[in-house]
Each structure stands twice: as structure tokens, then as C-alpha cells.
Amino acid sequence: MNETIGTIIIIIGVLFDAIGCIGLVKLPDVYNRLQAATKCVTLGTCGIMFGIFIYSGFTSLGIKALVAIPLIFLTSPTAAHALARGAHLFGVKLWKKSVVDRYREDKESNQND
Amino acid sequence: MRRIVLFIIAFILWLLLTWTLNWQHLLVGVIVAIFVALLFGNMFVEEPRKFFQIKRYFWFLVYIPLFLWECLKANFDVAYRVLHPKMPIKPGIVKVKTGLKSEVARTMLANSITMTPGTLSVDIDGQYLYIHWIYVRATEVEEASRMIVSKFEPLLARIFD
Amino acid sequence: MNTLIIILIILCYLCLYRAWRGPTIPDRMVAIDILGILVVGICALLAITTGRDFLIDIALAWIFLSFIGTLALAKYLSGRKFDE
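Just so you know, the protein sequences line up as chains A, B and C, in that order.
If you read the first sequence in the working numbering, its first letter stands for residue 59, the second for the next number, and so on.
If you read the second sequence in the working numbering, its first letter stands for residue 113, the second for the next number, and so on.
If you read the third sequence in the working numbering, its first letter stands for residue 1394, the second for the next number, and so on.
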């Protein structure tokens, strides 16, 4: 019974991973790719870990999988900010149909002062 | 004080990772946790007495389901935008204002914003956060703040400030 | 379970495609970051398929290695020193 529920959760996690990777290939610029990939792959991998916890119960393996969930939730968005900020400072422009870029406006007004 | 808190956290993490009560494992765990606490105690959080206020843990338990629900909504939102053949996206970077004081609270706010539908925090500058929004609905500071930040801010202020 | 591992490996190839084609350097870095998290999932699935517990330790270590590597690359992108 536990194994069935665990397998279903793992399958859902792999599906979210798949959506994230399709987004990584399909979306137009760095920031959009980073959004899709970070959200979906983080939740997908956490789903896999939680499925493993349900699958194997309170054994050493299951507890380690459970410990991995908060670690992924803390590290993955932080890496995403660092990459987005680095990409902006590196000079990557937003997609050509973007609406507004307050960050660049503020940086340019700071330089003019 | 900081070192004691860090020692407790490191020891609990060790217990979870080994998942046994053999005395040899416990002895090695105590030694390693003391070592970690001595080395990294001065880099730890600013006000360790917040760890002993029970109220904060209660609000943290309230915060977790809200966060997971937003996270699931975010994933279905991304799935819709990626799998739709025309890709309904209208990206841009907006600026929002937050009233949170401590650095831990701001970090958690930025992490929460990254996991909510369609937003990704890019940089933080004092009270202002710069946020990449995949479908921009408001470009002014106040309106964007109301739409993005206000969901999490009261809870995070109760937990971390 | 084997099918799921094969699907994840195909997803790794999608990431590698982005790392190969990516027009700018940050694109490649995003692809490598995501590849790291996917490998964590593969290691965890291998741990319950083969029944060997040490593979999930590798997954736990890989989370931190991928995180630190991404932070170092992002610092390099923004042109700062590593201790700032």
C-alpha cells in the first residue's frame, strides 16, 4: 500500500521535472528559463524525495530523503537569485518583448548621479 | 549562546542522518557538533534567543501549508505557460517594497517569492526587492507590492522579526 | 521504477542540449544548475531501486556541491571577489 502511494508521488515528481526541462528548452530568455526550471525542478525533486520517504517508511533511507527536502528548498531558490543577479550584472538583456525593467533604470540613474 | 543553539541544531541533524542510538555514533556526533559550534558559532544568526520563543514555531507551522499551496499553484502556472502553444508570457522586472527588518526574514521572503507563481527575485537593495515577473500585471511600486509581497509579509514578520 | 530513471536521464539530455546551444554564458550555467538537481533525483531513485543506502548520501552531498558551484559561478559572472 505504502509502496503504491510512494510510486504515485514519485511519478508526479518526475512529471514536474519534465515540465521544467521542457520550459528550459522552450522559453525565450535566461530569466524566463530560470523561473520555469527552478520552480518545477525544485518541487519535482522534492516530490521524488517525499515519495521515497513514503515508500521506505521510517528507515535510515527514508529519514535521509526527508532531511533532503528542506535542504533543496533552501539552496535551490538561493542559487536562482545568484544566477539571475549575476546574469543581469553580466549584461544579459531581457527578452525583446519585455514590458519594463526597473532594475536597469535604477542602476542607470545611480550612475548619472 | 549562539554556539549552544548551533550545537543543538547540528546534533539533531546528526541524529536524523545516522538514525540509530548506538553509543559510539552518539559520541562521534557530540564531538563533531562541538567542533562545528566552535568553528562557525560567530557566523550564525544575530539573535539566537528567537529560537526559544514557542510562538514562532506555531506561526511556522501555519506558514508551511500556505507555502506548499503557493508552490503547487506556481507549478501548474508554469506548466500552463510552457505547454500552451502561443506561450502567454509578458516578462519584466518590477520593484517592490518590504517592511521586514532582519536579514533572515528578507532572505526567506526572497525565497518564498521565487517559489510563488510567476515571480523570481533578482536583487535586494535595502527595503526594495527587484523581481522578475513572467506576466507583468502592475508596474508601479505600491500595486506590485500589494500583489506579490502582502501574502507572506505578515506571517514572516511574526516568524522571523 | 527503471522507466522513471530512464525518463530522468532523457531530461538530463535536454539540459545538456541547452548547455550546448545556449546563446550566452548564463544560459549554460542555468542548465548546469538544473542538471545538478536532476542528478540528485536520479541518485535517490537508484538508492531504492538497487537497495543500497549509500547512494542517498551521495545525493545529499551533491545538493551542496551543486549549490556551492553555482554560487561561485554567479560570483564570477557579477565580477566580484569571492569573499565579498
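Mixed in with the good hints there might be a few duds.
Chain B stretches covered by chain A per the calculated footprint, using a threshold of three residues with CB under 8 angstroms from any CB of chain A [what the hints assert, rightly or not]: (1) 121 to 129; (2) 143 to 155; (3) 175 to 187; (4) 209 to 218; (5) 228 to 236; (6) 241 to 252.
Result set (DSSO-like, lysine-lysine): computed pairs, CA atoms no more than 30 angstroms apart in a straight line [said to hold, decoys possible]: (7) B:213 with B:167; (8) A:154 with B:213; (9) B:167 with A:151; (10) A:84 with C:1468; (11) A:84 with B:185; (12) A:151 with B:198; (13) B:207 with A:151.
Keep in mind that the hints were calculated from the coordinates and are not lab data.
Everything numeric in this text was worked out from a predicted model, so none of it was measured.
Ideal Cβ positions, reconstructed from N, Cα and C, are used throughout, including at glycine.
Against the structure, the hints come out as follows:
no.: 1; hint: 121 to 129; verdict: holds (count 3)
no.: 2; hint: 143 to 155; verdict: violated (count 0)
no.: 3; hint: 175 to 187; verdict: holds (count 4)
no.: 4; hint: 209 to 218; verdict: violated (count 0)
no.: 5; hint: 228 to 236; verdict: holds (count 6)
no.: 6; hint: 241 to 252; verdict: holds (count 5)
no.: 7; hint: B:213 with B:167; verdict: 19 angstroms, holds
no.: 8; hint: A:154 with B:213; verdict: 36 angstroms, violated
no.: 9; hint: B:167 with A:151; verdict: 45 angstroms, violated
no.: 10; hint: A:84 with C:1468; verdict: 27 angstroms, holds
no.: 11; hint: A:84 with B:185; verdict: 21 angstroms, holds
no.: 12; hint: A:151 with B:198; verdict: 22 angstroms, holds
no.: 13; hint: B:207 with A:151; verdict: 17 angstroms, holds
Comparing the model with each earlier hint shows violations of hints 2, 4, 8 and 9; every other hint is respected.
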